[in-house]
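Since the structure of chain L is provided, determine the placement of chain Z on it from the hints.
In the order they appear, the protein sequences are chains L and Z. Numbering (our numbering) for the first sequence: 15 to 594. Numbering (our numbering) for the second sequence: 10 to 186.
Read the hints as simulated data drawn from the structure, not as lab findings. No false leads were slipped in.
Straight-line C-alpha distance at most 30 Å; calculated DSSO-like pairs for lysine-lysine: (1) L/Lys289 - Z/Lys166; (2) Z/Lys92 - L/Lys179; (3) Z/Lys92 - L/Lys270; (4) L/Lys341 - L/Lys80; (5) L/Lys205 - Z/Lys176; (6) Z/Lys150 - L/Lys179; (7) L/Lys179 - Z/Lys166; (8) Z/Lys176 - L/Lys31; (9) L/Lys31 - Z/Lys13; (10) Z/Lys92 - Z/Lys150; (11) Z/Lys15 - L/Lys31; (12) Z/Lys176 - L/Lys289; (13) L/Lys111 - L/Lys179; (14) L/Lys491 - L/Lys260; (15) Z/Lys92 - L/Lys111; (16) L/Lys289 - Z/Lys77; (17) Z/Lys92 - L/Lys31; (18) Z/Lys176 - L/Lys80; (19) L/Lys289 - Z/Lys112; (20) Z/Lys150 - L/Lys31; (21) L/Lys260 - Z/Lys92; (22) L/Lys491 - L/Lys559; (23) L/Lys260 - L/Lys179; (24) L/Lys31 - Z/Lys166; (25) Z/Lys92 - L/Lys262; (26) L/Lys401 - L/Lys80; (27) L/Lys111 - Z/Lys150.
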Amino acid sequence: MYRYDEYDQQIVDERVKQYRDQVRRRLSGELSEEEFLPLRLQNGLYMQIHAYMLRIAVPYGLISSKQMRMFAHIARKYDRNYGHFTTRQNIQFNWLKLEDTPDILADLASVEMHAIQTSGNCVRNITSDEFAGVAQDEVVDPRPYAEILRQWSTFHPEFAYLPRKFKIAISGGKEDRAAVYAHDIGLSVTKNVHGEVGFRVLVGGGLGRTPVIGSEICEFMPWQHILTYVESILRIYNQYGRRDNKYKARIKILVKALGIDEFKRQVEADWADLKDGPGTLTSEEVSRVTTFFTDPAYEKLADHDSQLNEFKADSRSFYNWMLRNVKAHRVSGYAIVVLSLKKPGSVPGDATAEQMEAIADLADRYSFGELRITHKQNLVLADVRQKDLIRLWQEATAQELTAPNIGLLTDIISCPGAEFCTLANARSIPLAQLIAERFEDWDFQHDIGEISLNISGCVNACGQHHIGNIGITGVEKKDHDEWYQVSLGGAEGNLSSIGKIIGPSFTFSQVPEVIDRLLRVYLRERLEAESFIDTVRRIGHAPFKEHVYATDFTVAEEETANKHVVVPAQYSVPYYSPRF
Amino acid sequence: MIIKNKTIVADDWIVLRLNEQGSAENVTVPEGKVIVPLQVWLQQRDALQQRAEIGVWLASAERPEDLKGDIHKFSVIAVDFPKFSDGRGYSIAYNLRARLGYKGELRAIGDVLRDQLFYMQRVGFDAFATRLDRNIEDALKGLTDFSEVYQTSFDQKLPLFRRAQRKGNPATDMINE
Chain L
15 MYRYDEYDQQ
25 IVDERVKQYR
35 DQVRRRLSGE
45 LSEEEFLPLR
55 LQNGLYMQIH
65 AYMLRIAVPY
75 GLISSKQMRM
85 FAHIARKYDR
95 NYGHFTTRQN
105 IQFNWLKLED
115 TPDILADLAS
125 VEMHAIQTSG
135 NCVRNITSDE
145 FAGVAQDEVV
155 DPRPYAEILR
165 QWSTFHPEFA
175 YLPRKFKIAI
185 SGGKEDRAAV
195 YAHDIGLSVT
205 KNVHGEVGFR
215 VLVGGGLGRT
225 PVIGSEICEF
235 MPWQHILTYV
245 ESILRIYNQY
255 GRRDNKYKAR
265 IKILVKALGI
275 DEFKRQVEAD
285 WADLKDGPGT
295 LTSEEVSRVT
305 TFFTDPAYEK
315 LADHDSQLNE
325 FKADSRSFYN
335 WMLRNVKAHR
345 VSGYAIVVLS
355 LKKPGSVPGD
365 ATAEQMEAIA
375 DLADRYSFGE
385 LRITHKQNLV
395 LADVRQKDLI
405 RLWQEATAQE
415 LTAPNIGLLT
425 DIISCPGAEF
435 CTLANARSIP
445 LAQLIAERFE
455 DWDFQHDIGE
465 ISLNISGCVN
475 ACGQHHIGNI
485 GITGVEKKDH
495 DEWYQVSLGG
505 AEGNLSSIGK
515 IIGPSFTFSQ
525 VPEVIDRLLR
535 VYLRERLEAE
545 SFIDTVRRIG
555 HAPFKEHVYA
565 TDFTVAEEET
575 ANKHVVVPAQ
585 YSVPYYSPRF
Chain Z
10 MIIKNKTIVA
20 DDWIVLRLNE
30 QGSAENVTVP
40 EGKVIVPLQV
50 WLQQRDALQQ
60 RAEIGVWLAS
70 AERPEDLKGD
80 IHKFSVIAVD
90 FPKFSDGRGY
100 SIAYNLRARL
110 GYKGELRAIG
120 DVLRDQLFYM
130 QRVGFDAFAT
140 RLDRNIEDAL
150 KGLTDFSEVY
160 QTSFDQKLPL
170 FRRAQRKGNP
180 ATDMINE
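In isolation and in its complexed conformation, chain L is listed as follows (with noise of 0.2 Å):
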């Protein structure tokens, strides 16, 4: 993975020292908190319901064991023991102090980190394939491209004030799993007929309020002209992207009010004069990144079939494991596996630092010290020897991180919710653990296959709740309840596709039971070995939608002062709706 030279470290350390200086500044009452607002958020810093949230940056979801340790430790000496990983391929501590907040930026550059543009209006963690240089349909590595955009991305003087956040993802293989087609920028490289590196360049797509798919801007642009081809499409949006309304303010909404075509061409205006500039990239400076993304020192393996077939044979647990949780490596006699945060009950991608520790363990055994951190906020070990699969198996179970789930219903993306950001109207992470806890039964949630829950608070969507073959999201009502709204059909990848609303909105007991009468639509309709996004665009929302809405619920509901009850113990966080 990269490491960082004297410049990156200066670069962070120098970035340590400003923070360490707003800090200062804003508990002297120098800095007024509109003052210092974007200054915290351009270094991740949120304020949230109960104390400061801050998000660190994961370079394209890639960290190192010593990188992972540093996390258990900030979880234990600075926050309440863990740590979530998010759908941007980051981690995020929920219970810190302003005034800890520069020792833990410190903490972090010494081992190679930081937390710059982890929020605010400017351009964020560029985030990649999870499988990137191990996964068998991948075309070219985005890693090294996603590192050189890392680096001209950050600090850029012309783009920390954009109207909205800026994201960008960028895939490599056959198949999208960066999520392209949800990014202000989605990269995908290729190569051309004669075999030449470049991107196809979407723009326009993202999540949030008005979820739509981004649009082609470029089929094909060499890869030497990447930089400066986007630099033009961020001073396009920054001169001309909405600043009056927030909701209308992502490259989305300029690219749909002046039409693809027309954003294009004052794109490309604005780029004649950037082409074959001096910051067009150069086969040097490519060749010295591509150094650090060199393969392992792989052993000569052959597939390693027999004993684990035996293993399986013996153990349903395992079998299910292999089934969902190891997928086939590019190396013969390797495997990448997908360590589950998501045990049925637990909080999604909430891992304690015990848990950090014992990962970080498994990595330096069996992965060469690495992990990458996936958009669904489970962590990979992508080079593990076939023949180590059981011991790591063992291992990983008694920190329970091998539900077999990877893939299935009970692999849920959920936001932080009410409990903790002001923008939720309600509850994510409980209404997780309870339709975890009730579709628990393993043979049950294979036996239903490849399916994606997604569950976001508000429309925000941060769990995003669009491209979720079963989407909720929590809605705001004037009775100020908790209500949920139920979509069907998005999915992401290739076929990516917005989710659409299935009717009224539920309440927070009911959900489980909505996913249950959807559930049995699929069962009796799906064609062999057809899975259930398969099924929705086969036969289209009608059938689900009467029986979801054909007999009354009779769920009892919760009780308002149990709602506690149903919050994890660690978080030690009364109910909360910010709307009472």
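Below, chain Z alone, put in the same frame as chain L:
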């Protein structure tokens, strides 16, 4: 006092702002060194260009291309930041310098504070009328927050990868040798 060329200097320019009554055609531009709004310049161009010294300022929604052809007539061009978070002024400055070739004083006015100054100087500002309720000596420190940058802008024509001999992965280099 303003910051100009990285030092604190006295300043005798007046920034003319149109109030609700005044219109760009009719407002009386006072004698002396005045920085007028773009619209006043466009409306009263014939008279104003007779003056020995004149400045113009752009609001964040205005286009620097409107000054094309007139660029050399100004002793100072200012860009207004109505609030800290309005970043259009950064692109206006870049376009004035890099695209329109403006070489004179480029001044940031409005909600200009210490923590924007590093970025502002990178896109081409060389003068900063920092907010009067803040200590200007303190603001000066904002120009030196970082000693190295990755990307090109107006101040730095070459990206770091074209300027520095950066090392690749030492482990891989050893294998290659």
